[in-house]
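Engineer: Sequence:
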Amino acid sequence: MAAIMAACAVLAMGVVALVAAQSQPARAADVGTFTMTPSSGKLSDPQPIAGSIEIPGACPDITLDPLNFNSVLNLYVVKEGSPAGVALWGITNSAPYTEATSTVSLAAADNPGMEVRGLSDQITGDGTYELRLQCVDQFALQPPDQYGLPSDHWSQKITVTGDNWVVGEGAETTTVALTTSLNEPEPGKDVKLTATVTPAEATGTVTFLDGATTLGTGPVTVANGKAELTTSTLAKGYHDLVARFTPANAAEWGSSESEPVRVTVSEPAVEIQDEDGQRLTGTPGPELERGQKVKVIVRGCEAGAAHSMSLVNREDSFPSATADADGVVTWNSLTVPEDMVAGTASWTWTPSCTYLNGATVNAVSFTVAEPSSESPSPSDDPSGDPSDDPTDDPTDDPTGDTSGTTDGGTTSGTTDGGSSTGGDSTTGGTSPTGGLASTGSQIALFSGIGAVVLVTAGFVFVRFGRRNGLLNFGDPRP
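If you read the sequence shown in my numbering, its first letter stands for residue 1, the second for the next number, and so on.
Mixed in with the good hints, there may be bad ones.
[What the hints assert, rightly or not] The calculated lysine-lysine pairs, modelled on DSBU-like cross-linking and capped at a C-alpha distance of 35 Å, are: (1) K226 / K157; (2) K226 / K236; (3) K226 / K189; (4) K42 / K189; (5) K295 / K192; (6) K157 / K192; (7) K236 / K295; (8) K293 / K236; (9) K189 / K157.
Simulated from the structure, these hints should not be mistaken for lab results.
The task is simple: from the sequences and hints, build the whole structure.
Structural biologist: As structure tokens, this is what we get:
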């Protein structure tokens with residue numbers, strides 16, 4: 001009889017294997033959420049998921065003779081995008097699972113033959129994972145969908161952080177990034193800090209920290225994924241600033257902290273000051289005047305080291321200076337040469353200095369403007385300039401006799417009323433002279449001569465014609 005039973009079991013297993021090999025899996029449906037006690041645990045425990053579970057329903061009433069699916073459970077771990085992995089294999093406590101609810105112990109002692117599987121292949125880091133509880137057959141421990149039958153499962157979410165897991169999806173992960181408006185401000189300068197929280201929907205506050213010291217008056221509320229703070233209280237030196245996000249609802253959003261941002265507060269490596277101690281600035285350097293005296297201050301030098309000063313591409317001589325105990329070298333009075341050409345020039349010193357940010361400092365630039373050129377201003381009443389309204393301009397109807405005075409056939413060319421002779425300048429003004437005036441006189445002279453010549457020629461012609469009978473006018477009419 002025992003041999004017959006063993007043969008039947010082997011035959012049944014063969015049938016199961018054949019059916020499993022030739023069937024296509026059906027999609028399993030989520031029919032509810034099971035509860036877990038306790039609701040947390042450690043992945044490093046010998047049995048990471050222990051305690052008990054409560055099932056809110058019965059296993060499916062399916063029989064594939066000789067298989068049934070209501071007496072054994074498997075617990076799977078699922079990470080989105082990855083295949084399911086077995087956590088507990090062959091749970092049998094409180095079977096069969098045919099009631100509306102069932103409370104099942106997960107202790108190994110209550111489940112003979114149950115296997116506890118490692119979770120390292122399924123749980124690969126922090127995040128949210130799904131647990132699925134599924135009814136399986138009593139032989140191959142496979143769910144109905146592996147035989148092409150409808151299949152259901154119950155689910156629960158756990159959130160893993162490090163070695164710990166807790167029931168529930170937990171808070172959504174956030175990140176925060178910090179930026180600054182200045183990385184190398186001078187003491188007392190405003191520095192704007194901006195924290196950008198991702199996702200932007202996350203609500204909460206950001207605390208800006210300088211080491212362990214809170215900057216500003218306290219946490220800043222996040223709005224549209226950003227929080228900002230402006231501070232001018234950073235002291236000289238190095239500062240590693242961070243932004244720390246604290247969610248308004250820790251169950252919804254996770255906390256996060258930015259990477260440190262280095263800010264170096266220091267006075268400028270080089271300064272040019274006027275004689276009153278006012279700092280002179282400009283690009284590429286302040287504009288200085290020829291002969292101007294200025295003070296040059298260089299920081300970051302070796303204490304006690306002597307430094308020589310010169311102007312690039314010039315032979316001018318300047319005094320040397322020695323760095324004080326703080327590594328500051330000061331030339332109290334440097335004079336811009338009077339013959340300095342216009343453009344950009346540089347004072348340079350040796351040896352070089354190295355400032356806080358590691359930059360080598362060995363020169364400071366300034367500019368010199370083009371020399372101003374003075375143009376003579378025109379006189380209000382320049383000598384020799386013709387007046388706009390000369391006193392003795394000839395009028396259309398001059399008072400004197402403009403025809404001249406003829407005496408014994410000699411033309412004097414004297415004009416009364418202006419006391420002018422031969423076109424010379426008149427008293428109290430200037431008569432029109434030159435090309436136009438002389439041209440008019442010449443035209444009049446030649447016109448007169450031409451008229452005399454023509455009259456004389458006509459007279460001679462008439463006399464000659466009458467004498468020689470060339471002219472005959474006929475008899476007079478009665």
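Engineer: Look at each hint and say if it fits the structure.
Structural biologist: Hint by hint, here is what the structure shows:
| no. | hint | result |
| --- | --- | --- |
| 1 | K226 / K157 | holds (31 Å) |
| 2 | K226 / K236 | holds (28 Å) |
| 3 | K226 / K189 | holds (22 Å) |
| 4 | K42 / K189 | violated (50 Å) |
| 5 | K295 / K192 | holds (32 Å) |
| 6 | K157 / K192 | violated (42 Å) |
| 7 | K236 / K295 | holds (23 Å) |
| 8 | K293 / K236 | holds (30 Å) |
| 9 | K189 / K157 | violated (50 Å) |
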